[in-house]
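Asker: Sequence:
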Amino acid sequence: MRGFTYLSKVLHSHSSYSKLLVLCSVSTGGLLVYAESNVESGKQVVEQNQPESKKKRVVVLGTGWGGTSFLKDVDISSYDVQVVSPRNYFAFTPLLPSVTCGTVEARSIVEPVRNIIKKSSGEIQFWEAECLKIDPENRTVSCRSGINDNLAGHNDFSLQYDYLVVAVGAQVNTFNTPGVMEHCHFLKEVEDAQRIRRTVIDCFEKSVIPGLSEEERRTNLHFVIVGGGPTGVEFAAELHDYVYEDLVKIYPSVKDFVKITVIQSGDHILNTFDERISSFAEQKFQRDGIEVSTGCRVTSVSDHFINMKVKSTGKHVEVPYGMVVWSTGVGTRPFVKDFMEQVGQEKRRILATDEWLRVKGCSNVYALGDCASIDQRKVMEDISTIFKAADKDDSGTLSVEEFRDVLEDIIIRYPQVDLYLKNKHLLEAKDLFRDSEGNEREEVDIEGFKLALSHVDSQMKSLPATAQVAAQQGTYLARCLNRWDQCKSNPEGPRRFKSSGRHEFLPFEYRHLGQFAPLGGDQAAAELPGDWVSMGHSTQWLWYSVYASKQVSWRTRYLVVGDWVRRYIFGRDSSRI
1 MRGFTYLSKV LHSHSSYSKL LVLCSVSTGG LLVYAESNVE SGKQVVEQNQ PESKKKRVVV
61 LGTGWGGTSF LKDVDISSYD VQVVSPRNYF AFTPLLPSVT CGTVEARSIV EPVRNIIKKS
121 SGEIQFWEAE CLKIDPENRT VSCRSGINDN LAGHNDFSLQ YDYLVVAVGA QVNTFNTPGV
181 MEHCHFLKEV EDAQRIRRTV IDCFEKSVIP GLSEEERRTN LHFVIVGGGP TGVEFAAELH
241 DYVYEDLVKI YPSVKDFVKI TVIQSGDHIL NTFDERISSF AEQKFQRDGI EVSTGCRVTS
301 VSDHFINMKV KSTGKHVEVP YGMVVWSTGV GTRPFVKDFM EQVGQEKRRI LATDEWLRVK
361 GCSNVYALGD CASIDQRKVM EDISTIFKAA DKDDSGTLSV EEFRDVLEDI IIRYPQVDLY
421 LKNKHLLEAK DLFRDSEGNE REEVDIEGFK LALSHVDSQM KSLPATAQVA AQQGTYLARC
481 LNRWDQCKSN PEGPRRFKSS GRHEFLPFEY RHLGQFAPLG GDQAAAELPG DWVSMGHSTQ
541 WLWYSVYASK QVSWRTRYLV VGDWVRRYIF GRDSSRI
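The numbering of the sequence shown is the numbering used here, which starts it at 1 and goes up by one.
If you are wondering where the hints come from, they were derived from the structure by calculation, not from laboratory data. The reader is advised that the hints may include incorrect statements.
[Stated by the list, open to error] Quick list of the computed label-pair ranges, beta carbon to beta carbon:
{"no.": "1", "residue 1": "N423", "residue 2": "E346", "range": "29 to 39 Å"}
{"no.": "2", "residue 1": "I569", "residue 2": "Q194", "range": "50 to 60 Å"}
{"no.": "3", "residue 1": "S279", "residue 2": "N423", "range": "20 to 30 Å"}
{"no.": "4", "residue 1": "K347", "residue 2": "E182", "range": "46 to 56 Å"}
{"no.": "5", "residue 1": "Q171", "residue 2": "S279", "range": "26 to 36 Å"}
{"no.": "6", "residue 1": "H304", "residue 2": "K450", "range": "57 to 67 Å"}
{"no.": "7", "residue 1": "L419", "residue 2": "I569", "range": "39 to 49 Å"}
{"no.": "8", "residue 1": "K255", "residue 2": "K337", "range": "19 to 29 Å"}
{"no.": "9", "residue 1": "N148", "residue 2": "K337", "range": "26 to 36 Å"}
{"no.": "10", "residue 1": "N423", "residue 2": "K450", "range": "38 to 48 Å"}
[Said to hold, decoys possible] In silico lysine-lysine, DSBU-like type, Cα no more than 35 Å apart, as pairs:
{"no.": "11", "residue 1": "K360", "residue 2": "K378"}
{"no.": "12", "residue 1": "K461", "residue 2": "K347"}
{"no.": "13", "residue 1": "K72", "residue 2": "K550"}
{"no.": "14", "residue 1": "K259", "residue 2": "K284"}
{"no.": "15", "residue 1": "K315", "residue 2": "K392"}
Note that the structure is predicted; figures quoted are calculated from it, not measured. For every residue, glycine included, the Cβ atom is placed at its ideal position computed from N, Cα and C.
Go ahead and model the full structure; you've got the sequences and the hints to work with.
Answerer: Given below as C-alpha cells:
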C-alpha cells in the first residue's frame, strides 16, 4: 500500500515523465504503447463580480473532443479562458458502445473537466450550464444552469467575450421520423449508454416471467439497430458478445428467442470504410446470426413495432421489437440554428466556417467539431485573381515558371489541388499545362488556365463528424491563438490572391490517422493511412492498444484497461443498477 501511495505521488508531481503502458497478449505476444498525459500539466452578468483583466477573454462552449483539445493546449497566460458546458466531464465517446454492455464501466471513460483545466500558469474558469443564445452583435452568450432549482441563487447568467469557441457537438438527427424521439434509444452521451444497458437487462428479465407466449418472448428479445455506420455496427457487435458470452448463461430458457437486426438504408453497412472492410463485416455478422437489412428505410416507430419501406420492392414491413437504438447521423442544436440565422446562414443545414475555423459572417467566433463544417473555397471562384497574381509581367499569358512560383501557395490555400495532382499522377506544374492531346505547352492564356484547373474542385470533400477531426481542430485553433501576435507581424500562411500580403496563419489541414470498426468476437477491422486494411484478432489487440493510449488521463487509462481485464476473467456484469 505504501508503494502504491508513493507511486501515485510521483505520477502526480512529475507529469512530464514518460510513461509506458504494456498490454500483453498470450496468443500474439505483446504490444507496447507509448503515451504521455498532459492532464496534470434573474440574469446575472458574471463580469460584474470579476476583476478587470487586460487579457483577451475567450469563452469556450462545450467540453467534447474539440473543446477539450483546445483547453489542453491554449496558453492561458495570454488569454482569460472561460468554459461553459452542461456536463462537467469529458467522455471518451468511441467507447460508448462498450459501456452499453458493461465491457467498460461508465466512470472509466470520463474525466472531470476541472482535472483537465488545471494549469500551473493560471486558472481556467468553468461553469456547468447550457448555452441558450449567442448574441454576436453585443458579443455575449446567455446561459442557464441545469442544477437543481431548489438550491439557492439564480440559474441564468451571461458572459461577454472577445473570442468565442463553439464546440458543442451535435444532437441526434431523427429526420423527422414519427415516433423516434418517443420510442428509440440513442447513443450520443454516457447517460444514453447507461439507459441502453438497463433496457437490455429489462428485456431479458421480462422475457423469463412465467405465462408469456413464445411470440411475446421473441418480441421482447428482438434488438433493432437503425443505422449501419460505425456506432451502430459496433453496438450490434458488443450486444452480440454480451448476449452469447454472458446473458445466455444466466437466462438459458430464452436463449433461442434472441435476435439482433441492423437496418441500413444504404446498400452496405460501414459504407464510409473500404469495401473490403464492409464486406468482411457483413460476412462476420452473417456467421454470428446478426441479421443485416440493407436498402430499408424506417418510416415510423410505434411502441411495439417499427415500420419500414424496402426500397427494392416498395413494400412496407412491420417489425415487432423489444428495444430500438437509433444511430443514423447528427443534426444542429437549436441555439446554433438561431445563431446561424443571425449571421446570414439560415439556409444552411450546418454552421459554416472558413478554412481557419472562423464562422462565416462573424470574424471573432470559431466553431469546431460536429457542430460546424469547413466551407472550402473553390479554385474556380478565384481563378481570375489567381491568374492575375501569377502573371507578373502582365503579358496576358502564364508561363510554367510563373505558375510554379505560386503553385505552393495555391496548394496550401486550395488543398483540393494537391488531391487532384496526386489522383491524376501529375508530378510537375508543367503537367497541368498539357493540351487535350497530351502535348506540353510553355504558356497558357486565361481560358487555357481555366481549362487546366476546371476539374480540380471535384476533389473537394467534407470532413467526417469524428472525434479525431474535432480533436485536431481544437489543437490547431489553440496553436493559432497562442501565436496570434507573432503571426500578425510575421504571417505564416499562403499569399492573398485578392489583395497584397499573406494570410496570418496556415489554414487547417486534417490528417487522417485511420479508423477502427470492432466487430465482436475479439475481431476488429482497421483502415489506416497508406491504403492499409487490417482485419481479424490481431487488429483487435491493436484497437486495445490505440484506445488505451488515447485516453485523456492516466486514471482513465488504468480504469479502462482494468475493465478489459476484468471482463476477460469474470465476464460482464448483468446487474440492473
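Asker: Look at each hint and say if it fits the structure.
Answerer: Evaluated hints:
1. Between N423 and E346 the Cβ separation comes to about 35 Å, which falls inside the hinted range of 29 to 39 Å.
2. Against the hinted window of 50 to 60 Å, the Cβ-Cβ separation of I569 and Q194 comes to about 23 Å, which falls outside the hint.
3. For S279 paired with N423, a C-beta distance near 24 Å keeps the hint of 20 to 30 Å intact.
4. The given range of 46 to 56 Å is broken by K347 and E182, whose C-beta atoms sit roughly 30 Å from each other.
5. A hinted range of 26 to 36 Å holds for the C-beta pair Q171 and S279, which are about 32 Å apart.
6. At roughly 60 Å, the beta carbons of H304 and K450 sit within the given window of 57 to 67 Å.
7. Between L419 and I569, the C-beta spacing of about 48 Å keeps the proposed range 39 to 49 Å intact.
8. At about 47 Å, the CB distance of K255 to K337 disagrees with the hint of 19 to 29 Å.
9. In this structure, N148 and K337 meet the distance hint of 26 to 36 Å, their C-beta atoms being roughly 28 Å apart.
10. The given range of 38 to 48 Å is broken by N423 and K450, whose C-beta atoms sit roughly 20 Å from each other.
11. The hinted pair formed by K360 and K378 meets the criterion: a straight-line CA distance of about 15 Å does not exceed 35 Å.
12. Of the pairs offered as hints, the one joining K461 and K347 holds, with about 20 Å between alpha carbons and a cut-off of 35 Å not exceeded.
13. For the suggested pair K72 and K550, the alpha carbons sit about 14 Å apart, so the restraint of at most 35 Å is met.
14. Between K259 and K284, the direct Cα distance comes to roughly 15 Å. Compliance with the 35 Å bound is thereby established for this hinted pair.
15. Only pairs whose Cα atoms come within 35 Å are accepted, and K315 paired with K392 is rejected, the gap being roughly 64 Å.
The structure is inconsistent with the numbered hints 2, 4, 8, 10, 15, although it conforms to all the rest.
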